[in-house]
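Participant: For reference, the chains in residue letters:
Number of protein chains: 2
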Amino acid sequence: MQFEPLKNDRLLRAARGETVDRPPIWVMRQAGRYLPEYHDAKGDRDFFECCRSPEIASTLTLQPVERYAGLIDAAIIFSDILVIPQAMGMTVEMVDKKGPSFPEPLKSPNDGQYEKIMQKQVDVKAELDYVAKAITLTRTKLAGRVPLIGFCGAPWTLFCYMVEGGGTKLFVQSKTWIYKYPDATKALLQKIADICVDFLALQVAAGAQLVQVFDSWAGELSPAAFADFGLPYLRHISANLPQRLQELGLEPVPMTVFAKGAWFALDELCDSGYNVVGLDWLHDPAEAKQIARGRVTLQGNADPGVLYGDRAAITKTVETMVKGFWSDKKGWIANLGHGVTPFVDPDTLKFFFEEIHRLTQ
Amino acid sequence: MQFEPLKNDRLLRAARGETVDRPPIWVMRQAGRYLPEYHDAKGDRDFFECCRSPEIASTLTLQPVERYAGLIDAAIIFSDILVIPQAMGMTVEMVDKKGPSFPEPLKSPNDGQYEKIMQKQVDVKAELDYVAKAITLTRTKLAGRVPLIGFCGAPWTLFCYMVEGGGTKLFVQSKTWIYKYPDATKALLQKIADICVDFLALQVAAGAQLVQVFDSWAGELSPAAFADFGLPYLRHISANLPQRLQELGLEPVPMTVFAKGAWFALDELCDSGYNVVGLDWLHDPAEAKQIARGRVTLQGNADPGVLYGDRAAITKTVETMVKGFWSDKKGWIANLGHGVTPFVDPDTLKFFFEEIHRLTQ
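Line by line, the protein sequences are chains A and B. Going by the working numbering, the residue at position 18 of the first sequence is 107; the numbering climbs one at a time, nothing skipped. Going by the working numbering, the residue at position 314 of the second sequence is 403; the numbering climbs one at a time, nothing skipped.
Keep in mind the hints are simulated off the structure, nothing from the lab. Careful: at least some of the hints might be erroneous.
Heads up, the list lumps identical chains together, so a pair's fine if it works in one copy or across two of them.
What the hints assert, rightly or not - Distance condition first, Cα-Cα at most 25 Å in a straight line; then the derived DSS-like pairs of lysine-lysine: (1) K405 to K275; (2) K412 to K269; (3) K186 to K258; (4) K405 to K269; (5) K187 to K258; (6) K439 to K269; (7) K196 to K131; (8) K222 to K405; (9) K269 to K280; (10) K186 to K405; (11) K269 to K258; (12) K418 to K96; (13) K186 to K131; (14) K258 to K275; (15) K131 to K405; (16) K419 to K439.
Required output: the full structure, derived from the provided sequences and hints.
Facilitator: Okay, structure coming up:
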């Protein structure tokens, strides 16, 4: 694949631990519903229909890059972590104002559906070709302005959705599986982890220049349970993706892990084979930097809720990040501690970006 | 108030840091909907109607004490943290399968409702007399079998409910308030904190022998925001309750703080004037014990989800707790890391209690 040369490699260099002139900036879910142009481009299309259309997905991906030109340093492909369960044969619908919903979640290892899912050989290249196409088209449209990030959901998080059937507060089914059916759970987690490796390799082959694994529900697991059901599968991905890329004749790309809520595992995550560790907003920046001891680049971590606040609150939050993460002028990718939430004013987000620029000059 | 002498003071002694023969045991939300006898006694009464009836509330409080006689060491009054917003003049309904709902949450400091709430002098004794009556009746019925715990919601958590109008995932309103209207937020938090002091004193006067403050949403705040909007109001309660009790001619009682999710503040919470610090299940027991350095008694912290598991999973979780918390045979109150969740089999919970007994013999 031939694309125009990258003009802004700040993100990739920072991810690899190299020196950069200022911290690269992007935010999770930067292409999304807080942008009026998102709604214009999406129209009344279904959410997953947008993911499946390379034209729409690339348009949405580029919107924040264009709106915040010169302020942000990366694009992240417009897609969803639940494309993997879909590729595995599960139906997932996006219900307005409710979120994702699986009409037929996995009930127990003894029902026929689990067996079916376990036995199905998933042809990742065929099932998720539309993501590859969206990435390639987006790279072409980006024309080297900023690098493009690919991503997938982590095995534990995807597993939760597959057994809960959607968002949940209590995680009744997920906890039942891990504490009652640990072996069947691990078998499924392993299967998902293998698909993650294939899927991320597919994204890199299509043009993704950095990949991030989102473990959004890591913070539901106790340290002992995370050691059993979370971390090994994150490690499986970081251990196998570089090798897979080599087999495909591709250069390695930096890898980021974001295990939201798994504060207790920060030290281990710094040794888990990823170049970048994403942090949620419960970490004090200076303390996290101390724990990381330069082993990885840290990414984060402003409370997305500060974007509902006034400018003084945003400035204070950025100051705390800059002071903590940028004390040695390296090893930080500026971001939020979670995705942009609905109802955020795009101009407030712009001010957040501008403050990072101003305070790291 | 005269009650029968306490036959089992294990909880109170452990809370005060004294030596006990084995760790006292109780679990949060032990009187609740997982018990079939709860539904029998509640009938089709509204949830808050049960809280307001001393007869029903005391019956529900005693159910786990009777079912698990000899296995648990405390009762906790059947009530709800939202009785304070009700006493402040807000309407709160309990909606089946949805949870609490405020038809008129506080929208902004500039709407009339905020002013009204701020100006209202709350007569805690009059408004929450039903809780006092329930406590006194329960103490009488307990006849000294185990001590009775009183409780209230923490200012930050009650504030979230009052501005969100119910449970939430995104905390849009709460974050808007703290980051946009910090002064109005603090004024309201202070008002709630003063009511908490009055309310806990009322409960002790009525017969509560230990009190717990539940800060269920502490983990939504960044360390900087918790320092501004969480901890000061928890400290206000622990600093003022003993004095208030003294003024009333009452003996001090042990105080417990449970700031769920605020892992980053554990060290500070150990110096915040409480005797006991409750922990959620994300803390590794041995590491938490190390951080606490004997300053407080720790309470917790099994993942409530393990009660959906098999016996091997429960045993493993109890072993981790016993090894970590009970290493020096003191300073631990065995509990879950959050309340009992729905659909738990009462016999599974019994096994959890039995395993704590067996492994601390």
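Participant: Each hint: holds or not?
Facilitator: Here is what the structure says about each hint:
no. : hint         : in the structure
1   : K405 to K275 : between (43 Å within a copy, 18 Å between copies)
2   : K412 to K269 : between (45 Å within a copy, 23 Å between copies)
3   : K186 to K258 : both (16 Å within a copy, 12 Å between copies)
4   : K405 to K269 : between (46 Å within a copy, 13 Å between copies)
5   : K187 to K258 : both (13 Å within a copy, 11 Å between copies)
6   : K439 to K269 : between (47 Å within a copy, 17 Å between copies)
7   : K196 to K131 : neither (34 Å within a copy, 31 Å between copies)
8   : K222 to K405 : neither (41 Å within a copy, 47 Å between copies)
9   : K269 to K280 : within (19 Å within a copy, 46 Å between copies)
10  : K186 to K405 : neither (32 Å within a copy, 40 Å between copies)
11  : K269 to K258 : within (19 Å within a copy, 28 Å between copies)
12  : K418 to K96  : within (21 Å within a copy, 62 Å between copies)
13  : K186 to K131 : within (16 Å within a copy, 33 Å between copies)
14  : K258 to K275 : within (22 Å within a copy, 28 Å between copies)
15  : K131 to K405 : neither (35 Å within a copy, 49 Å between copies)
16  : K419 to K439 : within (23 Å within a copy, 53 Å between copies)
Hint compliance for this structure: hints 7, 8, 10 and 15 are broken, all remaining hints hold.
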